[in-house]
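Read off the chains here:
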Amino acid sequence: MSAPLRIALAQGTIFDDTCRALKAVGLPTDGLTGHRRLFVKGEGVAYVLARPSDVPTYVAHGAADVGIVGRDVLLESDEDVIELVDLGFGVCRFVVAAPVGSMDRSLDEYRHLGSLEVATKYPRVAQRHFERKGIQVELNRLSGAVELAPQVGLSDWIVDLVSTGRTLRENELAIVEEIATCSARLIANRASYARDRARIADLAERFEKWAAR
Amino acid sequence: MRAFGSYGYVPLEPPSVELARAASTVDEHRVLRFLDRDGSLLALRPDLTTAIARVVAQRYREATGALRLSYFTTVFRQERSMRGSEREYDQAGVELIGASGVVADAEVLALLCEALTAVGLRDFTVEVGHIGAVRALFSELPAGAVETVLGHLRDADHVAAFRAAGEAGLSADRVARARTALAVRGRAIETVDLPEAIELRETIHLARELFAGEPLWGVPDLAVIPALPYYTGVVFEVISPHVGFPIAVGGRYDGLLALDRPATGFGIAIPHLHQALVAGGWTPAQDSSLISLEGGDPRTRLRIAAALRREGLAVALGRVAEAAGGIVVTVRVIDERTVEVDGRSMSPADLVATLLKGVEGNPRRNGADPHRNGANSPGSRRETGREG
Numbered sequence: 001m002s003a004p005l006r007i008a009l010a011q012g013t014i015f016d017d018t019c020r021a022l023k024a025v026g027l028p029t030d031g032l033t034g035h036r037r038l039f040v041k042g043e044g045v046a047y048v049l050a051r052p053s054d055v056p057t058y059v060a061h062g063a064a065d066v067g068i069v070g071r072d073v074l075l076e077s078d079e080d081v082i083e084l085v086d087l088g089f090g091v092c093r094f095v096v097a098a099p100v101g102s103m104d105r106s107l108d109e110y111r112h113l114g115s116l117e118v119a120t121k122y123p124r125v126a127q128r129h130f131e132r133k134g135i136q137v138e139l140n141r142l143s144g145a146v147e148l149a150p151q152v153g154l155s156d157w158i159v160d161l162v163s164t165g166r167t168l169r170e171n172e173l174a175i176v177e178e179i180a181t182c183s184a185r186l187i188a189n190r191a192s193y194a195r196d197r198a199r200i201a202d203l204a205e206r207f208e209k210w211a212a213r
Numbered sequence: 001m002r003a004f005g006s007y008g009y010v011p012l013e014p015p016s017v018e019l020a021r022a023a024s025t026v027d028e029h030r031v032l033r034f035l036d037r038d039g040s041l042l043a044l045r046p047d048l049t050t051a052i053a054r055v056v057a058q059r060y061r062e063a064t065g066a067l068r069l070s071y072f073t074t075v076f077r078q079e080r081s082m083r084g085s086e087r088e089y090d091q092a093g094v095e096l097i098g099a100s101g102v103v104a105d106a107e108v109l110a111l112l113c114e115a116l117t118a119v120g121l122r123d124f125t126v127e128v129g130h131i132g133a134v135r136a137l138f139s140e141l142p143a144g145a146v147e148t149v150l151g152h153l154r155d156a157d158h159v160a161a162f163r164a165a166g167e168a169g170l171s172a173d174r175v176a177r178a179r180t181a182l183a184v185r186g187r188a189i190e191t192v193d194l195p196e197a198i199e200l201r202e203t204i205h206l207a208r209e210l211f212a213g214e215p216l217w218g219v220p221d222l223a224v225i226p227a228l229p230y231y232t233g234v235v236f237e238v239i240s241p242h243v244g245f246p247i248a249v250g251g252r253y254d255g256l257l258a259l260d261r262p263a264t265g266f267g268i269a270i271p272h273l274h275q276a277l278v279a280g281g282w283t284p285a286q287d288s289s290l291i292s293l294e295g296g297d298p299r300t301r302l303r304i305a306a307a308l309r310r311e312g313l314a315v316a317l318g319r320v321a322e323a324a325g326g327i328v329v330t331v332r333v334i335d336e337r338t339v340e341v342d343g344r345s346m347s348p349a350d351l352v353a354t355l356l357k358g359v360e361g362n363p364r365r366n367g368a369d370p371h372r373n374g375a376n377s378p379g380s381r382r383e384t385g386r387e388g
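Line by line, the protein sequences are chains A and B.
Per the numbering used here: the first sequence = residues 1 to 213.
Per the numbering used here: the second sequence = residues 1 to 388.
These aren't lab readings, by the way, just hints derived from the structure by calculation.
Given the structure is predicted, the values throughout are model-derived calculations rather than measurements.
Just so it is clear, CB atoms sit at the ideal spot from N, CA and C, and this is done for glycine as well.
Some hints here could point you the wrong way.
[To be verified] Label pairs and their computed distance ranges (CB to CB):
| # | chain 1 | residue 1 | chain 2 | residue 2 | range |
| --- | --- | --- | --- | --- | --- |
| 1 | A | 170 | B | 163 | 31 to 37 Å |
| 2 | A | 17 | B | 163 | 49 to 55 Å |
| 3 | B | 166 | A | 79 | 42 to 48 Å |
| 4 | B | 101 | A | 205 | 50 to 56 Å |
| 5 | B | 186 | A | 80 | 53 to 59 Å |
| 6 | A | 79 | B | 72 | 27 to 33 Å |
| 7 | A | 131 | B | 212 | 47 to 53 Å |
| 8 | B | 167 | A | 80 | 21 to 27 Å |
| 9 | B | 8 | A | 17 | 56 to 62 Å |
| 10 | A | 178 | B | 101 | 29 to 35 Å |
| 11 | A | 46 | B | 17 | 24 to 30 Å |
| 12 | B | 342 | A | 53 | 55 to 61 Å |
| 13 | A | 12 | B | 216 | 38 to 44 Å |
| 14 | A | 177 | B | 17 | 50 to 56 Å |
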């Protein structure tokens, strides 16, 4: 019997959907919830329960063979992993948002000052986006509640992840543009994908079928 | 390097500092750059294939035959801190420039396998893909769209690649066919009906004629799509069960830079190779011992040291703090004709005979724990001194 396939799972908002998906494609899900163990063994698999932002690291370095994590996390992490399947759940969008009705003022400010201040929890995504657009910005890296920043004058704009957009509306922010739409992905380590192709490709096919249902 | 030489490859050391404006094939954020006093922007070479192609394009412009070049040197990549990666590391490899066709591809493939086997790597596979085959899977698309799809595949983003192919107008069955072709591995490649897939298998068969190695070391696998953009034909990656990264990457890169010639080659990432070797239970071969020569009056000691070195032995005067995994034999000089090893007296000539015999065949040598012979144990003479 070969070693169990190590699957890294993101313990965040997508965790419940992840468990449902695992169950749907016939993988064991016993023992994934209801306790605090972080390394859970099942039949033929071993789950590594990690923080979402750490999942790409575990997979890229081969500490896990495959993983399930949001594309938002992958974009911000920049780790080298294979993205195999779009699982379809955990949909959210990276957006640029500004206070409602502030667009003219901020563009005027950009022309005069040559730079805009942007607060974000996702500096890599924000930087790449504005570089591509050729807009000069000063990034303010925050750890949470980025919506607050424009209201108290910390920044002109924000780059944030939204799912329904309700938080933006309640804080009187409007979407300026969308950067990327994200959903959960099945990812694989490069070496594992070669070594364990039969199992991983089979798993990918089952997830693909399930996601297309 | 000995394996490289036996295939007729000669060493070349390209410049490690390049002008940063020279075309780079590596993402510019990953290149270490700096200014010189004239204000020119320089770069530390991030990739040897490009550096060698540049040297060849300049110095061997007129050469017509096949150039076989090898290297064992450093490359520099900008890595984010705290990611467990190095910015400077050794790479060993070869470039075969001016030869095309399956025989040339097979030669490089076999040499890679032979070199890795020679340094003691076991259980590895060489995953062999074909960029031409991958292109052919998307050949119904307009050229620009093919490049977009390939770009996603080089980033290992299969989701985006197949989506882009579908959006650019590739039919659903063609997308499904491409998806299957990139998922099959090994014998199942027979199901991919492309001339490049046959060429790929032919390359592996020929390589196995050159170097039999372990069974099944060459595995057809179209999912091998290296991140660097210059590959055009057969490409390959070495995978070991012990390491999460490919140990070596290579392939055909016809027409790179000003080099208007067919070319192929590979690079072995030495840190990854080392990691795989150590994880596989390998320890450094201890085929050399170092004599730590002590005692006696200075003139006698120096004279004996010179005499031992003439016989081909390595001699350090006084205590040795770092023997790089080798065996340290402490020898005490009594007088011109007598030395003492491990409490036993013998003549310098006997010492030479004992040690040289020990070097040739000592069964315990390879299994020995190198750390026990390392720093702080200059008295470690359990090997040669006692058994001789």
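To see whether the hints hold, each was checked on the structure:
For residue 170 of chain A and residue 163 of chain B, the Cβ-Cβ distance of about 33 Å falls inside the hinted range of 31 to 37 Å, so the restraint holds. Distance hint check: the CB atoms of residue 17 of chain A and residue 163 of chain B are about 21 Å apart, inconsistent with the given range 49 to 55 Å. At roughly 26 Å, the beta carbons of residue 166 of chain B and residue 79 of chain A sit outside the given window of 42 to 48 Å. Checking the proposed 50 to 56 Å range against residue 101 of chain B and residue 205 of chain A shows it is violated: the Cβ atoms sit about 36 Å from each other.
For residue 186 of chain B paired with residue 80 of chain A, a C-beta distance near 24 Å fails the hint of 53 to 59 Å. For residue 79 of chain A paired with residue 72 of chain B, a C-beta distance near 29 Å keeps the hint of 27 to 33 Å intact. A C-beta distance of roughly 51 Å is found between residue 131 of chain A and residue 212 of chain B, which places it inside the suggested range of 47 to 53 Å. Between residue 167 of chain B and residue 80 of chain A the Cβ separation comes to about 25 Å, which falls inside the hinted range of 21 to 27 Å.
Remark: the range hint 56 to 62 Å for residue 8 of chain B to residue 17 of chain A is upheld by a beta-carbon distance near 58 Å. A hinted range of 29 to 35 Å is violated for the C-beta pair residue 178 of chain A and residue 101 of chain B, which are about 49 Å apart. The beta-carbon spacing between residue 46 of chain A and residue 17 of chain B, approximately 47 Å, falls outside the hinted interval of 24 to 30 Å. Taking the beta carbon of each, residue 342 of chain B and residue 53 of chain A are about 57 Å apart, inside 55 to 61 Å as hinted.
With their beta carbons about 41 Å apart, residue 12 of chain A and residue 216 of chain B fall inside the hinted range of 38 to 44 Å. Judged by the Cβ atoms, the range 50 to 56 Å given for residue 177 of chain A and residue 17 of chain B is violated: they are separated by roughly 42 Å.
In the structure shown, a violation is registered for the earlier hints numbered 2, 3, 4, 5, 10, 11 and 14, in ascending order.
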